[in-house]
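Trainee: Model the full structure from these sequences, guided by the hints.
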Amino acid sequence: MTLYRLFICVLFFWATNAHADISLLKENHCDQCHRLSSGDKEQNLAPDLFYAGEKFQEPWLREFLRNPHIIRLNGYSGRMDFPKAITPQPHPSLPEKVADEVADVLLTLKLLEPETPINFGEPLSKGKKVRAKILFERNFSCSACHKGVNLAGKPHGGESGPSLFNAGARLQPQWIFNWLQSPEKYRSKGRMPRFDLDQETAIKLVQYIMTLKKENMK
Amino acid sequence: MTSIWLKFLGTSILLTLSACTNDSDESVHREPPPTVAEVPHETFVPAPEVVKPAPVSQKTRDTYQWYCSQCHGITGKGDGMNALQLAVPPRNHTKADYLETRTDQQLFEAIKLGGLAVGRAPCMPAWGNTLKDADITGLVNYIRELCHCEGA
Numbered sequence: 001m002t003l004y005r006l007f008i009c010v011l012f013f014w015a016t017n018a019h020a021d022i023s024l025l026k027e028n029h030c031d032q033c034h035r036l037s038s039g040d041k042e043q044n045l046a047p048d049l050f051y052a053g054e055k056f057q058e059p060w061l062r063e064f065l066r067n068p069h070i071i072r073l074n075g076y077s078g079r080m081d082f083p084k085a086i087t088p089q090p091h092p093s094l095p096e097k098v099a100d101e102v103a104d105v106l107l108t109l110k111l112l113e114p115e116t117p118i119n120f121g122e123p124l125s126k127g128k129k130v131r132a133k134i135l136f137e138r139n140f141s142c143s144a145c146h147k148g149v150n151l152a153g154k155p156h157g158g159e160s161g162p163s164l165f166n167a168g169a170r171l172q173p174q175w176i177f178n179w180l181q182s183p184e185k186y187r188s189k190g191r192m193p194r195f196d197l198d199q200e201t202a203i204k205l206v207q208y209i210m211t212l213k214k215e216n217m218k
Numbered sequence: 219m220t221s222i223w224l225k226f227l228g229t230s231i232l233l234t235l236s237a238c239t240n241d242s243d244e245s246v247h248r249e250p251p252p253t254v255a256e257v258p259h260e261t262f263v264p265a266p267e268v269v270k271p272a273p274v275s276q277k278t279r280d281t282y283q284w285y286c287s288q289c290h291g292i293t294g295k296g297d298g299m300n301a302l303q304l305a306v307p308p309r310n311h312t313k314a315d316y317l318e319t320r321t322d323q324q325l326f327e328a329i330k331l332g333g334l335a336v337g338r339a340p341c342m343p344a345w346g347n348t349l350k351d352a353d354i355t356g357l358v359n360y361i362r363e364l365c366h367c368e369g370a
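Here the protein sequences line up with chains E and A, keeping their order.
Following this note's numbering, the numbering of the first sequence begins with 1 at its first residue and continues without gaps.
Following this note's numbering, the numbering of the second sequence begins with 219 at its first residue and continues without gaps.
Possibly wrong hints are sitting among the right ones.
In silico contact screen, one side only, chain E against chain A (beta carbon under 10 Å); selected entries [stated by the list, open to error]:
| hint | residue |
| --- | --- |
| 1 | Ser77 |
| 2 | Ala85 |
| 3 | Pro95 |
| 4 | Ala99 |
| 5 | Arg138 |
| 6 | Asn139 |
| 7 | Cys142 |
| 8 | Glu159 |
Below, in silico cross-link-like pairs of lysine to any residue (SDA-like), each with a Cα-Cα straight-line distance of 25 Å or less [claimed, not checked]:
| hint | chain 1 | residue 1 | chain 2 | residue 2 |
| --- | --- | --- | --- | --- |
| 9 | E | Lys189 | A | Asp315 |
| 10 | A | Lys350 | E | Arg131 |
| 11 | E | Lys189 | A | Lys277 |
Covered, in the sense of this in silico footprint (three residues per stretch, anywhere, with C-beta under 8 Å from a C-beta of chain A), are these stretches of chain E [what the hints assert, rightly or not]:
| hint | segment |
| --- | --- |
| 12 | 149-157 |
| 13 | 193-199 |
Simulated from the structure, these hints should not be mistaken for laboratory data.
The beta carbon of each residue, even a glycine, is placed where N, CA and C say it ideally should be.
Mentor: Take a look at the structure:
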C-alpha cells in the first residue's frame, strides 16, 4: 500500500512537472502562434512545435531563439491567406536565459521515435553531392519552392517553402527523412507534394540537404 | 562573331546547369510579389459563352489555391511567389496561345508526372502522389476555364 502511494506521488510529481514544462512555453506566449501538442486546435500562424525536439538541432535552436531570422520568406504555408504573399513577422528575440529554458523544453517535444534509426553515413563527397543536387533540383523540383545553393555558392531557389539555405545546421537528418516519407504523421495537409521515394533516394536527398550550411556558402 | 557564339554557349550551359531556378545574383533587390490588394480583380474575366469547359467545383478551385498558386499565382497568371526565382517562368494559365496547342491529356500528365517526365521545365514537380486522378482532371478543367480555350 505504501508502495502504491509512493507510485501515485511519483506519478503526480512527474505529471505536474511535465505540465510545468509546457506552461513555460505558454508563459512565453509560444502558443499564440504555434501548436504545442498534436491535440491542439489547428493553428495556422506558425509551424507546429510539438515535434521540435526531433526536428531542430540543439545549437541552432538555442541561437535562433536569441537571434531569430526569417526562414519562411512569405510566411508560414499553413496559413489560409498564405498564397497572397503575407510579409512574415520576425520571431521575437528571447533573452539568453529564457531562450535556453525554452529550448530545453522544446527539445523534449517528440512525436515519432523511430524503431530503427537510419544511418545517414558520412558527409557527401564532391561527386556524390553533384548527383544529389541534380536529384534535389531536377528530379524532385525541390528548388522551385525551397532556397538551396547555386553553383556559385550563393542562396537560390523558390520562396514559398521554408528556406533550406542553412538546413544542414537547422534540421535533424532523421526528421527530414521522416518528413519526406510520411509528412502526414506531422501535419494533416501541407503544400508540398508527396513523393513515393525508395529509402535509398530519400537518404540521398537527406544527405544533400545536410550539406546546405551557411558556413559552406561563399 | 565568335563572341556571340561564346555568349550563346555560355547561356546554354548556365541554363542547363541551373536546372529550374534562376542562378542570377541574389543580392539584386527584387520587388516582392503583389499583395492581393494590388492584384487587379477586373482582369479576371469569367469564361465567355463560346467555350464551355466542364463545370469546376469549389474543391478544385481550393486545390489550385492551396498547391498551384505558389508558382502559378492566385489568378493563374504565372505570377506566384516563386515565379521570380525560376529560370523558366511558371505557365500563365490565363493565356490561350500555348495552352490551346496542348491536349487535356498532356496537361493531365504534366501535373501528374511533373515537368521533367513530359519534357518540360523540371521546376514543375509531379503531383501524382499528392492528388488523385479525379483531382487532376478537375485542375485541367479549371485551366481550360482560366485560358478560355479548349484542348488541341
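Trainee: Could you run down the list of hints and mark each one as holding or not?
Mentor: Evaluation of the provided hints:
no.	hint	verdict
1	Ser77	holds (8 Å)
2	Ala85	holds (5 Å)
3	Pro95	violated (32 Å)
4	Ala99	violated (29 Å)
5	Arg138	holds (4 Å)
6	Asn139	holds (7 Å)
7	Cys142	holds (8 Å)
8	Glu159	holds (5 Å)
9	E/Lys189 x A/Asp315	violated (34 Å)
10	A/Lys350 x E/Arg131	violated (31 Å)
11	E/Lys189 x A/Lys277	holds (14 Å)
12	149-157	holds (count 7)
13	193-199	holds (count 4)
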